[in-house]
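All chains should be built: construct the whole structure from the sequences, respecting the hints.
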Amino acid sequence: MADKTRILIADDHQLTLNGIRCYLKELGGFDVVTINNCDAALELIKSNENSTPFQILFTDLSFDNATQQTNLKGGEELIKAIRKDKIDIKIGVITGHTETNRVYNVISNLNPNAYLLKSKCDATEIGFAVQKILHNEYYYTHEIHQKILRRNIVQIQMDEVALQILNELPKHVKIANLEGIISKNDGIKIKLRSIETKLANLRTDLNAINNIDLILKAKELGIID
Amino acid sequence: MVADLKVENAYRYESALEGLSYGRFMQGDKKLALKGYLEVLKSRQSRGYKRGLIFSYALLGELHASNNETKKAIFFIKKSLQTAKELLTPTKKLENLLLLSKLVRGEKGRKYLEERTQLNDSLHKRERILKNKFTKVRYETEKKDKENISLKLENTRNQLALETERQHKIIGFLSAGASILFLGFGASIVTNRRKKLIFEAKMKQIEVREKERQRIAKSLHDEVAGDIRMLHLELTKRKQLEEAKKLAIIKGTVRNLSHQLSSESFEKVSFKNQIISLISDFFEIDFKIKVQEIDTVIWKDINNSIKRTLFLVIRESIQNSKIHAEASAVILNFKQTKKAITLTISDNGKGFNTASKKAGIGLKNMQERIEEVNGTFSIESTSDKGTSIYIEISTNGR
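So the protein sequences, as listed, match chains A and B. Per this note's numbering, residue 1 is the first one in the first sequence, and the count goes up by one each step. Per this note's numbering, residue 226 is the first one in the second sequence, and the count goes up by one each step.
Watch out, some of these pointers could steer you wrong.
[What the hints assert, rightly or not] Below 27 Å or equal to it, Euclidean Cα-Cα: the simulated DSS-like pairs (lysine-lysine) are:
1) A:K132 - A:K171
2) A:K120 - B:K427
3) B:K497 - A:K73
4) B:K497 - A:K198
[Stated by the list, open to error] Counterexamples of contact, computed for chain A against chain B with all Cβ distances above 10 Å:
5) H13
6) L15
7) D31
8) A40
9) S47
10) T52
11) V173
12) N177
13) G180
14) E196
FYI, nobody ran anything at the bench for these hints, they're computed from the structure. Since we're looking at a predicted model, the values are computed, not measured. Backbone N, C-alpha and C fix where the C-beta goes; we use that ideal spot for every residue, glycine too.
Spelled out as structure tokens, the structure:
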């Protein structure tokens, strides 16, 4: 029993809890505990932290059973509380929320290792996600991944500096040559350090391996011509 | 000593000598007295001092009368009387007439006495008249004085009244002006306040409606979609795949609906991030949305209801551009002036006839939403050249 991965599932719907438990049972090798509210979830995680700690928490985002007395009203607050207490546990989100805004906020602010959608996921996907999580890697289900990517594209398109960098990069052999060419809205030239940071962020946003890949992806996605 | 005076002052000398002579006369030294009298007479005659002459003649008359020189006495008395008559000094006249009546005997003397009596009477009468006159004058003066005083009093009272009236008038004018100002001020405050209250009420209304939308969205998402999901699972389990497929489509519709209804609170997520997310939902390679100058607006200072309205209008118009106008590009241009935000949404789609009533609920809703936050909404469209929407919303509700 000791080498079994302990997983806590928090959701307000019993059906969902049962569904995920079934999927995990299919996969086998997990010690699964379910809970239907965030306050109790945090309590459980804390009380087990020193004896039999949970390795993974799967949580929903909205909890309908939250009342005035509830301290943690939803998944976001639960994750925040865990991060605040610096508890060593990996977090995955399993939810029905696909609103770009919410997805983006959860991913960029709370940085969960996985983001799965209830309507799409099955045993295979959950198993894959668990493996990724245990290796401290990230897995977002395809739809979420697409949303985030599109959002990044839009954001880059609105960013004058990013567009300048992407347009200028292919014309120069060295990145250092970009210094003195790229300028902000108010005309102030941007330093090399900032350009490099910006490029790194762009590579992350567009899942590019290197700068050449970044330019190709930007062209492919229509960010630059 | 008396002689010393002769040089210095003729009048005094005469008077002194006369007095001295009269004294001598009374002592019985009639010769010296006569001499003195005559010198005085001479001096007075030389000076032409008629009032003195009356005395001199009278005294000489008296002296002669005491010497029983009646003729000389009468002569002098008559002279005195004449001079007195010339000078109109009735008292001296009376004395002389009395003396004459004593000196002249018989009928003539009686006549002098009569004349004297007459004169005396007339004098008394005149005196009385004069006295009366004086009394009358004094009385009148007093009366006038009294009147004057009362008039003065009245005058001061009147003046006071006038003054107070003027003051009252000034105060009246001032207070009238002040009250007009106050009224104007009050009115402007009231109207401003009313405008503000109306604006706030509208904002509140929007807020409430938004909450209602959120609630509906939530129940759609959690309850309806949840039930459908369960049903979907059930159907798949029973291998009724045809029905399951149909249900999946319904499920998708419900979910989209719930997403459209719900919108993240602008307190948690910045407007720019909301817009980015919104645009990314529509993003496709062949449908490009460009956002210009979104950073020129300080969004955190803008009322949430205005932001929500703008958000919904942007979503609606992007949808229109994509679905109805079949556009391949949309440009959102933001601008902030001191008092308002302006937004221009233009696409390169088919365009439509703005005059036709078939413009649809979508546009009407947009217009209504904008007008709710005291904004202006106008639309321009030409066939095959695209559509432009202009929105201006004042940021302070006026």
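Do the hints match the structure? See the list:
For the hint pairing K132 of chain A with K171 of chain A, the CA-to-CA distance comes to about 38 Å; that exceeds 27 Å, so the pair is violated. This hinted pair does not check out: K120 of chain A and K427 of chain B have alpha carbons roughly 41 Å apart, beyond 27 Å. About 26 Å separates the Cα atoms of K497 of chain B and K73 of chain A, which keeps this hinted pair within 27 Å; it holds. The straight-line distance between the Cα atoms of K497 of chain B and K198 of chain A is roughly 19 Å, inside the 27 Å bound, and the hint therefore holds.
A beta-carbon of chain B comes within 10 Å of the beta-carbon of H13 of chain A; the shortest separation is about 7 Å. With a minimum CB-CB distance of about 6 Å to chain B, L15 of chain A fails to clear the 10 Å threshold, and the non-interface call is violated. Non-interface status of D31 of chain A relative to chain B is upheld: no Cβ of that chain comes within 10 Å, the nearest being about 25 Å off. Against chain B, the non-interface label of A40 of chain A holds: every CB pair exceeds 10 Å, the least being about 20 Å.
Its beta-carbon lying about 29 Å from the closest one in chain B, S47 of chain A satisfies the requirement of being farther than 10 Å from that chain. For T52 of chain A, the shortest C-beta to C-beta distance to chain B comes to about 32 Å, beyond the 10 Å cut-off, and the non-interface label holds. Residue-level check passed: V173 of chain A sits 30 Å from the nearest beta carbon of chain B, beyond 10 Å. Interface exclusion of N177 of chain A from chain B stands, the closest Cβ pair being 28 Å apart, more than 10 Å.
No Cβ of chain B approaches the Cβ of G180 of chain A within 10 Å, the least distance being about 24 Å, so the stated non-interface status holds. The beta carbon of E196 of chain A is kept farther than 10 Å from every beta carbon of chain B, the shortest such distance being approximately 23 Å.
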